[in-house]
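Q: Chain by chain, the residues:
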Amino acid sequence: MSGKKGIQMKSQDRRWTIPLSILLCIGIMYVCTVTGIASIPFQDANRILLHEFLHLDINMEGITDGSITIIRNVRLPRVVLGFLAGASLAVCGCGFQGIFKNPMADPFVLGVSSGAALGASIGIVLHLDRRLLGMNGTTLLAFAGAFLTIALVYNISKVGKKVPVATLLLSGIAVSQTLSAAMSIIMIMNKQSMDQIMFWTMGSLNGKGWEQILLVLPYSLLGILLLSTTCRELDIMLTGEETAVQLGVNVELLKKKVLFASTVITAAVISVTGIIGFVGLVVPHVVRMIAGPKHRILMPLSLVFGGTFLIICDTVARSMAVWEIPVGIITSLCGGPFFIYLLSRMKKGGGLS
Amino acid sequence: MNETILGFHHVAAAYGEREILKDVTLSIREGGFVGLIGPNGTGKSTLIKCVSGLLPLKHGNITICGRENSTLKSRERAQMVAVVPQSYHVGYDFTVEDIVMMGRNPYLGFRKKEGPKDHAIVDEAMEMTNTAIFRDRCYNELSGGERQRVILARAIAQTPRIILLDEPTSALDVHHQIEVMELITKLNQEEHMTVLAVLHDINMASRFCQRMVMLQDGVVSVDGTPQEVIDRKNMESLYNMKLMIRESPLFHKPEIIPIRVMEEEKISVSCHIHVICGATEAVRLIERLDAKGYTLTAGVLNKQSEDWHICQELGIQCIEIEPFTPVTAEKQAENLNLMKDADIILVAGVPFGEGNIMNLQGLENTAGQLYIHRNILRNDHTNGKLAERISSLEKTKKITYIEDNNTFLEILEHSLKP
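Protein chains in written order, with the numbering used here: chain A, 1 to 353; chain B, 1 to 418.
Next up, chain A with everything else stripped away, as it sits in the complex:
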């Protein structure tokens, strides 16, 4: 607590935080778009961007169609989807850490990811490539799996009209473990699909285009909009559930809102990208250390930082080696040690935030 005084900003500095971080984010998006394995000269990349997206009348001489396609249909959608996924997961993380008052909570704590993974593996095993509602079978099943899991966990934990947070967490863990086991069985029984399932569970933005972005966007927007209405109440929730009731918060409704919104967002994102861990856990923490615990600042900043973080991780993932590394591995690889660093700092500071 007191150990972090050095990092936390004064309130008068906070006004500039959001505009500055948006600028930073746009800068990083730009850098990540113009870098990559395919060697497109910096100048050319800039010209393509200006021509394609700002519709400026620029001389496109000497630029191959291949380069244009790479920028337009490969790199840019990846950057945008990366931002969307990272931002969405980070905002969900804020919401979950808020209602659970637990710094270890992330969007997957109730088993959304296991449900989605199980759905996805069924889809992969059954080769469901037919498209429905604009999604292929795997995506659709992952989405359904995620939703059904939360519905199950929610109903298991329900006591009368109330959903105690502790029960919710425990039944989340139990259901999640069971579903993971089921997925393992499917993997063992279908060895030929094992690689594909494994890759799915590690999360990747590879081969995703504008189509997937349009698929995720409405759910993410809807969910984030809903979450953004809960800022003040989430603040109060952090000071204790009983206090929240005494200060006029409809705690049960708040839990439902956050659970629903987060499930919609997370399900949509991971059914397209696979499971990308650590963004939803680490980003809200880092932002809280910089900007304090108020959700009105925490949420938008987490959105920007989450998106930026995932774009960077994805750029590393696609530029580092001959083989593409799933971005989920990169996020965990960066996020894990960073989180350990945070924990050791907090231990010195005398507590968790």
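The set of hints was computed from the structure by calculation and includes no laboratory data.
Just so you know, not all the hints are guaranteed correct.
[Said to hold, decoys possible] The calculated EDC-like cross-link candidates involving lysine to aspartate or glutamate, where the alpha carbons are at most 16 Å apart (straight line), are:
no., chain 1, residue 1, chain 2, residue 2
1, B, Lys-73, A, Glu-252
2, B, Lys-73, A, Asp-44
3, B, Lys-233, B, Asp-223
Given the coordinates of chain A, assemble chain B onto it according to the supplied hints.
A: Only chain B this time, still in chain A's reference frame:
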């Protein structure tokens, strides 16, 4: 002004199977300052939880400002009732102002952001509680007393009509205890908030509350002014221990003095002790002798002296005179008469002066063994008369000198052993 603002009608509540509140009926008038007392586990905090909607009732109902509590939305309830818990920890780095602003939540919605009016109310609440000076500091960095003031400010920002306090001072040192209680009194008197406070400290409750309600085994056992509620019988049955009540000369409110929980070992034979005292020195000794089962008498005592008070409290027969009047020969005759059958006569370590030297007159002719506390010789204000009196006594009667009261008790116990 004097209507019932908070009513409990046959309220029963339980945690699972464990029944805590059995049948509580109580009505609190607007503007009242009511202290809720009772030993641990009798349901005082549970009652507060029921009002704030955290625990559903098994039976009965609660009305707040004339409205049935169970039909209120938590938002509506929070506009009328604010709760101040005992020491309160927040695991996150909110500033003091953030915490106080949370008190405005019942009046805000996601479309209605806090406006100038809310800021004005929050500022005023912080001024009142003297917390404005650290408005930008982190709540967690504050001391216990400062935190409690911040939580009070949050309650004030709710602009409630009723304020419920659950042991608001239990984690605080005495300075901050009084500070918080004075603040609550101010809210009650100046802001006309009705106060219901769970208090552990009976003396604090007696001093600040207009009315006290004693909760025992899930029901209201006594209800009245501090003078009515705090008497020895009530308190001894409530706390199951030996204690004393006296009126605080400073506040003119009854005050409780806990004495002991474990019983003294009783003597097996009867033994009559007469104590010659009259100031403050014999209080503890008289209480202990009484608890051990000795038959006691005392004299001659000035009324209103501490020794006299303890005799009154314990029902010990004594010879008394008006305050600041000297012991007369007649009174001493009565005194001698009272001690004629005493097995032991003790002259406690009181100061002697012209007014009470008469107390030692005529002891030659008594039957009991005479014990004298040596302190009387150190506290002699008689210009030598005392020493004269003692030496003349010593000629005809055996005197045992004692150095302190514990020695006396040991000698007694030793001599009474078969």
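Q: None of the hints should be skipped; say for each whether it holds.
A: Hints, verified against the model:
1. B:Lys-73 x A:Glu-252: The hint holds at about 12 Å.
2. B:Lys-73 x A:Asp-44: violated, 62 Å
3. B:Lys-233 x B:Asp-223: Holds, at about 14 Å.
In summary, the structure is inconsistent with hint 2 from the numbered list given earlier, while agreeing with all the others.
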